[in-house]
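Each protein sequence line maps, in turn, to chains A and B. Residue numbers for the first sequence follow the working numbering, beginning at 66 and rising by one. Residue numbers for the second sequence follow the working numbering, beginning at 444 and rising by one.
Simulated from the structure, these hints should not be mistaken for lab results. All values derive from a computational prediction rather than experimental measurement. We put the beta carbon where it would ideally sit given N, CA and C, even for glycine. Hints should not be assumed to be uniformly reliable.
[As the list claims (entries may be wrong)] Heads up, incomplete: computed chain A residues facing chain B, CB under 8 Å, no partners named:
no., residue
1, Gly107
2, Val118
3, Asp122
4, Phe130
5, Phe139
6, Tyr167
7, Gln169
8, Phe171
9, Gly174
[Said to hold, decoys possible] Here are the simulated DSBU-like pairs of lysine-lysine, each with C-alpha atoms no more than 35 Å apart in a straight line:
no., chain 1, residue 1, chain 2, residue 2
10, A, Lys143, B, Lys460
11, A, Lys133, B, Lys498
12, B, Lys502, B, Lys460
13, B, Lys446, B, Lys498
14, A, Lys133, B, Lys446
15, B, Lys500, A, Lys143
16, B, Lys460, A, Lys133
17, A, Lys133, A, Lys89
18, B, Lys549, B, Lys502
19, B, Lys446, B, Lys502
20, A, Lys143, B, Lys506
21, B, Lys498, B, Lys514
22, A, Lys133, A, Lys143
23, A, Lys89, B, Lys460
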Amino acid sequence: DAGVIQSPRHEVTEMGQEVTLRCKPISGHNSLFWYRQTMMRGLELLIYFNNNVPIDDSGMPEDRFSAKMPNASFSTLKIQPSEPRDSAVYFCASSLRQENSYEQYFGPGTRLTVT
Amino acid sequence: SQKIEQNSEALNIQEGKTATLTCNYTNYSPAYLQWYRQDPGRGPVFLLLIRENEKEKRKERLKVTFDTTLKQSLFHITASQPADSATYLCALGTPGGGADGLTFGKGTHLIIQP
Numbered sequence: 066d067a068g069v070i071q072s073p074r075h076e077v078t079e080m081g082q083e084v085t086l087r088c089k090p091i092s093g094h095n096s097l098f099w100y101r102q103t104m105m106r107g108l109e110l111l112i113y114f115n116n117n118v119p120i121d122d123s124g125m126p127e128d129r130f131s132a133k134m135p136n137a138s139f140s141t142l143k144i145q146p147s148e149p150r151d152s153a154v155y156f157c158a159s160s161l162r163q164e165n166s167y168e169q170y171f172g173p174g175t176r177l178t179v180t
Numbered sequence: 444s445q446k447i448e449q450n451s452e453a454l455n456i457q458e459g460k461t462a463t464l465t466c467n468y469t470n471y472s473p474a475y476l477q478w479y480r481q482d483p484g485r486g487p488v489f490l491l492l493i494r495e496n497e498k499e500k501r502k503e504r505l506k507v508t509f510d511t512t513l514k515q516s517l518f519h520i521t522a523s524q525p526a527d528s529a530t531y532l533c534a535l536g537t538p539g540g541g542a543d544g545l546t547f548g549k550g551t552h553l554i555i556q557p
């Protein structure tokens, strides 16, 4: 099992540019989560999907952020336009939503730097 | 608002001793609580889950307690080893108990000194 796959691993972009982060969850998992981690705020939930449907996007900071999950094996998080304060590590996680099984499996993260 | 507190300062423990990490929360009634380990440059890795109706859960050298009255969880590593050095995060599940997004503490950096 390859685990959760994220790309790119590092992204450096200039303010105002569009950034797209990609995630491939573990095969068979039906829940997908996007988190953001900074030193100041720690690990924060941005949005999560169950069976490809967005359930809770209350953590998405602004309309500049959007996420999609067109199928069970792929999700994107887009920032348009990007700002320096968006610099952080973005993690994707997946889980198998079933009774008594709530652990989440995290990808390696994408380190985003907006200059 | 919900608040989760973990020791923000690094915890230094001598090898072989028991390391105890604390997670306190307010304004929240989670159905379960999870502990994760995070190494530098990597994503968090799940360690243990404990439910609101459980007092204690063990896995090898790890032990977690959950006191819903005190709103506190303790995470113990017995016979600690330098390889246990990492940041440990506690995370709260939703009151409904579903497999929803987690609310994380900022983590405690544990250093096991040989």
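Checklist entry - CA of Lys460/B to CA of Lys133/A, is that 35 Å or under? => result violated (47 Å)
Checklist entry - Close enough to count: is the Cβ of Phe171/A nearer than 8 Å to one in chain B? => result holds (3 Å)
Item to check | Agreement of Lys133/A and Lys89/A with the hint, judged by alpha carbon distance not exceeding 35 Å | outcome: Satisfied, since the Cα-Cα distance of roughly 12 Å is no more than 35 Å.
Checklist entry - Within 35 Å, alpha carbon to alpha carbon, are Lys446/B and Lys502/B? => result Since the Cα atoms of Lys446/B and Lys502/B sit roughly 27 Å apart, the hinted pair holds (cutoff 35 Å).
Checklist entry - Once the shortest beta carbon distance from Asp122/A to chain B is found, is it less than 8 Å? => result violated (10 Å)
Next on the checklist: For a C-alpha distance cap of 35 Å, please report whether Lys143/A and Lys506/B respect it.
Outcome noted: violated (39 Å)
Checklist entry - With a cut-off of 8 Å, does the beta carbon of Gln169/A approach a beta carbon of chain B closely enough for the hint to hold? => result Since chain B brings a Cβ to about 6 Å from Gln169/A, closer than 8 Å, the hint holds.
Next on the checklist: For the restraint on Phe139/A, tell me whether the closest CB of chain B is nearer than 8 Å.
Outcome noted: violated (18 Å)
Checklist entry - Between Lys89/A and Lys460/B, is the straight-line Cα distance small enough, at 35 Å or below? => result With a Cα-Cα distance of about 40 Å, the restraint between Lys89/A and Lys460/B is violated, given a limit of 35 Å.
Checklist entry - Are Lys133/A and Lys446/B close enough, with their CA atoms no more than 35 Å apart? => result Holds, because 29 Å separates the two Cα atoms, which is no more than 35 Å.
Checklist entry - Minimum Cβ distance from Gly174/A to chain B below 8 Å? => result For Gly174/A, the interface hint holds, since the closest Cβ of chain B sits about 5 Å away, which is under 8 Å.
Checklist entry - Hint check: is the beta carbon of Phe130/A less than 8 Å from a beta carbon of chain B? => result Because about 15 Å separates Phe130/A from the closest Cβ in chain B, which is outside the 8 Å limit, the hint is violated.
The structure does not agree with the numbered hints 2, 3, 4, 5, 10, 11, 15, 16, 20, 23 stated previously, though it agrees with the rest.
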